[in-house]
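Since the structure of chain A is already known, use the hints to place chain B on it.
Protein chains: 2
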Amino acid sequence: MTLTKKIPTIQDVARFAKVSTATVSRALSRPETVSVDTRERISQAIVVTGYTLNQAARSLRQRTARTILVALPDIGNTFFSAILDAIEREAGARGYGVLVVNRFAGDDSGRRLQDYFLSNRADGLLLFDGALALQNLLALTGEPANVPLVMACETIPGAPFHTVRTDNAYAAEVATRHLIGLGHRRIGHLRGPAGNVLTVERETGFRTALATAAVPLFPEWLFTGGFEMEQGVAAAEQFMALKLRPSAVFCANDEAAIGFLSGLRRHGLECPRDVSIVGFDDLAVAAHSWPPLTTMRQPREALGRLAAAALIDLIKGKPGNQVPQHTVLSSELIVRGSTARAPILHLANAALQQ
Amino acid sequence: MTLTKKIPTIQDVARFAKVSTATVSRALSRPETVSVDTRERISQAIVVTGYTLNQAARSLRQRTARTILVALPDIGNTFFSAILDAIEREAGARGYGVLVVNRFAGDDSGRRLQDYFLSNRADGLLLFDGALALQNLLALTGEPANVPLVMACETIPGAPFHTVRTDNAYAAEVATRHLIGLGHRRIGHLRGPAGNVLTVERETGFRTALATAAVPLFPEWLFTGGFEMEQGVAAAEQFMALKLRPSAVFCANDEAAIGFLSGLRRHGLECPRDVSIVGFDDLAVAAHSWPPLTTMRQPREALGRLAAAALIDLIKGKPGNQVPQHTVLSSELIVRGSTARAPILHLANAALQQ
Numbered sequence: 001m002t003l004t005k006k007i008p009t010i011q012d013v014a015r016f017a018k019v020s021t022a023t024v025s026r027a028l029s030r031p032e033t034v035s036v037d038t039r040e041r042i043s044q045a046i047v048v049t050g051y052t053l054n055q056a057a058r059s060l061r062q063r064t065a066r067t068i069l070v071a072l073p074d075i076g077n078t079f080f081s082a083i084l085d086a087i088e089r090e091a092g093a094r095g096y097g098v099l100v101v102n103r104f105a106g107d108d109s110g111r112r113l114q115d116y117f118l119s120n121r122a123d124g125l126l127l128f129d130g131a132l133a134l135q136n137l138l139a140l141t142g143e144p145a146n147v148p149l150v151m152a153c154e155t156i157p158g159a160p161f162h163t164v165r166t167d168n169a170y171a172a173e174v175a176t177r178h179l180i181g182l183g184h185r186r187i188g189h190l191r192g193p194a195g196n197v198l199t200v201e202r203e204t205g206f207r208t209a210l211a212t213a214a215v216p217l218f219p220e221w222l223f224t225g226g227f228e229m230e231q232g233v234a235a236a237e238q239f240m241a242l243k244l245r246p247s248a249v250f251c252a253n254d255e256a257a258i259g260f261l262s263g264l265r266r267h268g269l270e271c272p273r274d275v276s277i278v279g280f281d282d283l284a285v286a287a288h289s290w291p292p293l294t295t296m297r298q299p300r301e302a303l304g305r306l307a308a309a310a311l312i313d314l315i316k317g318k319p320g321n322q323v324p325q326h327t328v329l330s331s332e333l334i335v336r337g338s339t340a341r342a343p344i345l346h347l348a349n350a351a352l353q354q
Numbered sequence: 001m002t003l004t005k006k007i008p009t010i011q012d013v014a015r016f017a018k019v020s021t022a023t024v025s026r027a028l029s030r031p032e033t034v035s036v037d038t039r040e041r042i043s044q045a046i047v048v049t050g051y052t053l054n055q056a057a058r059s060l061r062q063r064t065a066r067t068i069l070v071a072l073p074d075i076g077n078t079f080f081s082a083i084l085d086a087i088e089r090e091a092g093a094r095g096y097g098v099l100v101v102n103r104f105a106g107d108d109s110g111r112r113l114q115d116y117f118l119s120n121r122a123d124g125l126l127l128f129d130g131a132l133a134l135q136n137l138l139a140l141t142g143e144p145a146n147v148p149l150v151m152a153c154e155t156i157p158g159a160p161f162h163t164v165r166t167d168n169a170y171a172a173e174v175a176t177r178h179l180i181g182l183g184h185r186r187i188g189h190l191r192g193p194a195g196n197v198l199t200v201e202r203e204t205g206f207r208t209a210l211a212t213a214a215v216p217l218f219p220e221w222l223f224t225g226g227f228e229m230e231q232g233v234a235a236a237e238q239f240m241a242l243k244l245r246p247s248a249v250f251c252a253n254d255e256a257a258i259g260f261l262s263g264l265r266r267h268g269l270e271c272p273r274d275v276s277i278v279g280f281d282d283l284a285v286a287a288h289s290w291p292p293l294t295t296m297r298q299p300r301e302a303l304g305r306l307a308a309a310a311l312i313d314l315i316k317g318k319p320g321n322q323v324p325q326h327t328v329l330s331s332e333l334i335v336r337g338s339t340a341r342a343p344i345l346h347l348a349n350a351a352l353q354q
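Protein chains in written order, with this note's numbering: chain A, 1 to 354; chain B, 1 to 354.
Only chain A is shown next, with the shape it has when bound in the complex (with noise of 0.2 Å):
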């Protein structure tokens, strides 16, 4: 036999390997229906002729690692508690098991990512790291990797994608509209981590709810801020040193609102008499801090719990799977001891300012 110039088919492939062109696509589809043996030649013949090389590699290669690999921003933040306890869950009861890893960010050339898949170490990626290059990403959902990919809570827009995330614009939106029910005109906003796709989206949510009501906005209300505790202590330093003092503050989580709270007290500030405070998440803690923490509960059980089923689905190959599917949930306003009708002295100095 000589081998062709031509693209090579899988004729040419069953040829060399001197099977059929049967076996030569059972091979590629299922594996392990075929002899070690078998598969051995098979992979030489598909070398040697040079056929589509990288995704038949792809597809004798067992997808049996039974392992999903989620990727956190920071699995210190205790945000992700429940969340990964939900997708334990989920994954558990359908045999697959849980890898995790953490600020894959910091690795710009998606490689170590790739490893994962490459060795063989888990079938796909649970992502809730939006700080990822989307090149990368698209390397490894492209061919010849084709890693089956669901983004999750943090997801980059427009992105061809699966996601499952909340509306977090709508409930920055529902969160603000709280404070403005309450009669406050001077609302401030703790802002998320810099470059994150839910700072921008909960600062948005929070502009809209205020240009809605025609509740003026100054820059120096928006704080510099974070998702961690400390960058809430730090923010609380910014709104001390302000001659006009908001009455009321829209933190972009609970982590950074209960250390907001905190850096205020040791100013001697008592919420909600001196600043009404609004936190996003609904931690554990937040029901038990002091004062309770009026927040936007996000469904983090169920967040954890249809990611890793989305996830689980793709890689098996659910049909329907083909378009990016997105799964949008609510967080729900729970109203607290942190937030309180705003102050007549807070309305008339608004009053004075307009």
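Since the hints were made in silico from the structure, they are not lab data.
Just so you know, not all the hints are guaranteed correct.
As the list claims (entries may be wrong) - Computed footprint of chain B on chain A, listed as stretches where at least three residues anywhere in the stretch have a Cβ under 8 Å from a Cβ of chain B:
| hint | stretch |
| --- | --- |
| 1 | 87-99 |
| 2 | 282-291 |
| 3 | 305-311 |
Since the model is a prediction, treat every value here as computed from it, not as a measurement.
Beta carbons: idealized from backbone N, C-alpha and C, even for Gly.
For chain B alone, kept in the frame of chain A given last:
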């Protein structure tokens, strides 16, 4: 060739597989140096001859998962966030992935644990869950599985495993002595979950401190508790129902302490004016709760890092690892606003009691 009735040897395997004994030996110790074909033949020969089957099967299976399995009792408990973070960093730096599983104790057969190793998905087990039956763990670490195991935080006293933990009894003693040093003579303890080794150790340290200082302990001052916030809230109800209440309570962990504080507040009690409270762990939120929580700081980063390092050393067969090694870390008393001097009134009451 006929099979002998005597205990089969490596020669029997070699003869049956039509290879040299050197090849059999190589296939067992370094399977990657032998062709798949030959390995298959040797594998069959092992089965047919009955040659110390299990050990051989295990050796044949390559340890290439480059993954450690981390088993947690409750992934939803934020205590583990910082620990998981440290494990992931240490393992990642050494080229290992981290598989996370939760609540293995619910599976009393131990089969779910075994499956991870039989299917070659992990190279070793980092166990934070002390509730597993010792016999299942011994089955895992003994012949033929020989799974490398390190127990962390929750250990099984006297079990022949490597351990990384803190000295819980001593730390509880330090926490209780802090209360005695503030003049408290009516001191209660919010216990951890029943049947947990940490519960026993922390209560032991509490009792030791009281006994040493000749401070009396009334059984009704031992509150039924747990490691979760809601259990702390429930314990506050037990506290409120008492006729003679302690002036200070040592709580088995921070989450319970925060719930306990929250529960007391609902009844109008103030900490530390009415009750001094000490926690255990020093979660990030302890510094920012109200009042800021006095607690025993557990070195969570070091616990995670050293436990992962110990397991990977064990997997790599680092010399000196034949005998179980025990790493015991210290906890540190962090004094914050939740503890204060005992009111004179309480001292008088205590005197009245005696």
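Quick rundown of the hints versus the structure:
1. With 6 residues having a Cβ less than 8 Å from any Cβ of chain B, the stretch 87-99 of chain A passes the three-residue criterion, so the hint holds.
2. Counting residues of the stretch 282-291 of chain A whose CB falls under 8 Å from any CB of chain B gives 6; the rule of at least 3 is met.
3. Three residues within the 8 Å Cβ limit are the bar, and the stretch 305-311 of chain A against chain B gives 0, so the coverage statement is violated.
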